[in-house]
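Q: If you read the sequences in order, they're chains A and E. Per this note's numbering, residue 1 is the first one in the first sequence, and the count goes up by one each step. Per this note's numbering, residue 1001 is the first one in the second sequence, and the count goes up by one each step.
Treat the hints as calculated values from the structure; they're not laboratory data. You may find that some hints are simply not true.
Said to hold, decoys possible - The calculated lysine-lysine pairs, modelled on BS3-like cross-linking and capped at a C-alpha distance of 25 angstroms, are: (1) Lys157(A) <-> Lys1546(E); (2) Lys1079(E) <-> Lys1118(E); (3) Lys99(A) <-> Lys1251(E); (4) Lys79(A) <-> Lys1251(E); (5) Lys79(A) <-> Lys1211(E); (6) Lys1094(E) <-> Lys1492(E); (7) Lys1251(E) <-> Lys157(A); (8) Lys1387(E) <-> Lys1400(E).
Claimed, not checked - A few chain E residues that don't get close to chain A, going by computed Cβ distances all over 12 angstroms: (9) Asn1056; (10) Ala1082; (11) Leu1129; (12) Tyr1138; (13) Ser1164; (14) Ala1210; (15) Glu1240; (16) Lys1307; (17) Ala1330; (18) Asp1364; (19) Pro1384; (20) Met1423; (21) Asn1475; (22) Asp1542.
As the structure is a prediction and not an experimental result, all values here were calculated from the model. Note that beta-carbon positions come from the ideal geometry of N, C-alpha and C, so glycine has one too.
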Amino acid sequence: MGRYVIRRLLQMVPVFLGTTFLIFAMVHVLGDPVAAMFGDRTPDPATAAAIRHDLGLDLPLWQQYLNYLGDIVQGDFGKAFNGQPVTELMGTAFPVTLKLTLVAIVFEAVIGVALGMISGLRPGGFADNGALAFTLLIISVPTFVTGYLLQYLLGVKWGVINVSVSSETGIGELLIPGLVVAGVSLAYVTRLTRTSVAENMRTDYLRTAVAKGLPRRRVVGVHLMRNSLIPVVTFVGADIGSLMAGAIITERIFNIHGVGFQLYNGVLRQNVQTVVGFVTVLVLVFLLANLLVDLLYAVLDPRIRYA
Amino acid sequence: MRGAKSAKWVAAAIVVATAATACGSSDDSSGSGGGGGGNVVRASWADPQNPLEPANTNEVQGGKVLDMIFEGLKVYNPKTGAAEDAMAESIDSKDQQNFTIKVKDGYKFSDGTAVTAKSYVDAWNYGALVTNKQNSSYFFSDIKGYDEVHPADETSKPSAKTMSGLKLVDDSTFTVALKTKASTWPERLGYKAFAPLPEMFFTDHAAYLAKPVGNGPYKVDSYTKGTGLKLSVNENYGGESKPANDGVELKVYTDNNTAYNDLQAGNIDLVDDIPAAQLGNAESDLQGRFINQPAGIIQTVSFPLYKGEWNKPGMEKVRQGLSMAIDREAITKQIFQGSRTPASDLTSPAIGVDGGFKEGLAGDTVKYDPAKAKALITEGGGIPGGKFTISSNADTGSHKDWIDAVCNSINKTMGDNVCTANMVGTFGDFRNQVVNEKIDGLFRTGWQMDYPLIENFITPLYTTNGSSNDAKYSNPKVDQLVAQANAEPDTKKAISLFQDAERQVIADMPIIPLWYQNGTAGYSDRVENVQLNPFSVPVFTDITVK
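Using the sequences and the hints given, assemble the complete structure.
A: This is the structure we're talking about:
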C-alpha cells in the first residue's frame, strides 16, 4: 500500500508538467496582454516594449515556459499585474475557497446521503417521489438563478443574510453561498445514494444479515451503508476539485474573493502568472482528491487491495 | 486490521495534500486599522489594474483613489469642468511655450514632508523615463527633452534620466519648456499624472505601493489588495476641498450586480457603476437616489483609412452616408436604456461649452436619414466590396448588442445584408489587431478624456500620427488648424480654432461619432450631496453622512 501511494504521487510529476505547459500555451495563444493594459488608447511602443521585456514576453514560448518552471521550483509563481506576488494571492484566495468548499461538501454529504437513504429504504414511497421531484428541480435550475434569487430574497427583501460576504469570510456567512454551490451536487448525491441503497437492499448478504437477527440499526448503518457509499465517495471526492474551481459564479454573486475571483481577473487581464499558478494548484488538488478517493475504497471495501 | 492500516495511508496522503495546497499561505494582516469618526462613506470599488502610481493609472478605479489622495497644480471644477488653480500659486508664460510655475508654500504630504517644486520635477521626470514603464508617460511628451528619456524607437536606450525642459529655480518655483507652443497646456495639469510625489516614493517604493502617500484631502489608512481600501481625512491637507465626512471605505466587488443589491439592502452607501440590466428600474428602486449624466467618454466606429479602398476620393460620401444610416436615438433608448446620449459633435457635454463642447456641430451627418444615406453611399461609389464588418472584443462590455443594432439599422437602410459584427475574443487581441492595422473593416473605438478640454478630443485622435489615431486619418488642414489653435494665447479663440478643425474632421468622417457615454451612480439614504465630476468619479469630499 505504501508503495502504491508513492507511485501515485510520482505519477503526478508528468501530469503536472503537461498541464502547466498546456495552460501556459493556451493563455499564450490568447495574444499579447500588453495592449489591453492601455485601454482604448494606442500603447506607446517604447513603454509597451519595456513592459513586455519586464514580463519576459519578448522571449520564445519554450524559453518563457522554462523560466517559469525554474521560478516555480524556487517557490516563485511570478507577479500579478498590480504588482502582487501570485503566491500572496493564493495565500488569501485558497483558504477562502477551501472554507466555501468544505461548507458545500458537508451540505452535499449530510443532506444528500440522508435524503438518499430515506428514499432508498422505501423505493416508490412518498419520500422517494418527493426527493425525486426536489432533485429534478435543483438540477434543472442553473446555479446563478438560485444564487441571485436567494441573495435577493434573503438579503435584500428580508434582510436575513448579508448580501455580500465580508472580507473576514466567517463560516456563518458562507452557509447560503455554500448551499448554492452544493445544490446540483447535492441532488446527484441523493440520486446516487438512493439507487445504490435500493440495489443493495436486495442483495444476498443483506438478507443474511437480517436473517441472522441483527438489529436493524446495524444492518442499515454498517452492512448497507458501507457498501452503498462507494459510488458516493467517488463522486464527492472528485467533486472537491470541481467545487474549488467551479465556484466562480457563486463567488462572483456573493462577492467572495476566492479562487474563482482571482482566476476570473487573471483571464480577463490575460495574466499568465495568475492563471497558470492557480490552475496548477487546482490540478494538484484534483490529483490528490482522486488519490484519496482510491485509498478510501480500500477502507470501505476490504476486498479492494493495493499493492 | 486491514481497514485501520489503510486508514493510516489515507491520513498520510491527506497530510501531503494539505501541505501541497497550503504552499505560500502567508497570512498578511494589513487589513486592520480603522479610520476615526463614524461618518464614513462606504463605496463600491474594483481592483485597480496597475499599481497606484499617478503616471501609471489610466483607468477609473485607480483614478478614483488618486483623486482623493493627490491634489495637483490645478483641479477641475466638479460642475463645470473648468481647470482652476489648486496647488499652483501662478502659471505664467509670455510665449505659450515656456512656462514659469510657482507652487503655493506651506503644503504637506500626509507623511509630513513638504510639497515643493522639486516634488513636481522629480515626479514628472519619473513618469517620463521609459525604464519606469509608466503607461501614461506620453503626457509629458510635449516637454523638451522627452525624446531623450523616452525614445520612440523600442530598441534604443534612453540617453538621459531627466528632461532638459524641466528646471528647478528655487524651492517653490520651476520652469517648463515645451517643444512647441501650446496655449492650453496649463489646463492639462489637473490630470493626476502631473501630481507631485513625496520623497519616499523614490527612496522606499515598496512602502509607497503598500500604502500610497499623497497631498490630497484624504490619506490611506490601510490597503488590502483585492479586498478594499480605507481612507481617512488627511490632517496635513491645507487645500480648498476639505472633506465633509470622516473618511471613505472602498470595498472591492467582482460583480456590479452584487454591489447594487448591497446598496438596496443598505450595506453600502455609493455604487458608481449601475449594472446595465438594472438601469430601467434603478430610478424607482432607489427612490430617486440615482444619477445618470454624460461622462467624458465618446464612443465611435473607425474606418480603416490605412486600406486604400476606404480612403479613395469620394469615399467621404460613403462614410457620411453610413453615419446617417444609423438610428442613434432608437439604439440608445432600446439597447442602453438611456445611459448613452446620441453624439452631435466629437467632444462630450461633460467638458461644457467653455471646454469646447458644441451641440449640433456635426449637423445632419449624424441625423438618421435613410433616403439621403442611401443616395450618398451610391453617389460616393458604394461600399467597397459590397459588404463590411464592424469589429470589437467579445470579453467585456457586451458590445455585440449595439454592433448588431447598428448593423441592423444600416442593413435596413441599404435593403441588403451589407454589415455584420466581427467579434474578437479578448480585448488585448482586439487592440493588437487595431494597432497593427490587421482589421479590414470598421472597428469600435472610444475615447475617455484625460482632461476636460476639446484639445484632448482632437489632437491625439485626428492629427497625423496622433497617439491614438487608430483610423490613420490625415488631413494637412486639420494639422494646421490644431497647430494654430495651440499657438493661440486666447483660450476662447483657441477653442474656436479647434472647433474649425473638428468641422473638417466631420466633413471627412474618418470615424462615425455614435454616442456619449453616461456615468451612473446610486446612493443610499444615509448620504447626501452626491455628485459625479466630469470624469464620472463621485466627488467624495462633498458627500455628507446623515
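Q: Run every hint past the structure and note whether it holds.
A: Results of checking the hints against the structure:
no.	hint	verdict
1	Lys157(A) <-> Lys1546(E)	23 angstroms, holds
2	Lys1079(E) <-> Lys1118(E)	31 angstroms, violated
3	Lys99(A) <-> Lys1251(E)	21 angstroms, holds
4	Lys79(A) <-> Lys1251(E)	23 angstroms, holds
5	Lys79(A) <-> Lys1211(E)	18 angstroms, holds
6	Lys1094(E) <-> Lys1492(E)	17 angstroms, holds
7	Lys1251(E) <-> Lys157(A)	22 angstroms, holds
8	Lys1387(E) <-> Lys1400(E)	18 angstroms, holds
9	Asn1056	10 angstroms, violated
10	Ala1082	24 angstroms, holds
11	Leu1129	10 angstroms, violated
12	Tyr1138	5 angstroms, violated
13	Ser1164	18 angstroms, holds
14	Ala1210	10 angstroms, violated
15	Glu1240	30 angstroms, holds
16	Lys1307	18 angstroms, holds
17	Ala1330	25 angstroms, holds
18	Asp1364	27 angstroms, holds
19	Pro1384	24 angstroms, holds
20	Met1423	14 angstroms, holds
21	Asn1475	19 angstroms, holds
22	Asp1542	26 angstroms, holds
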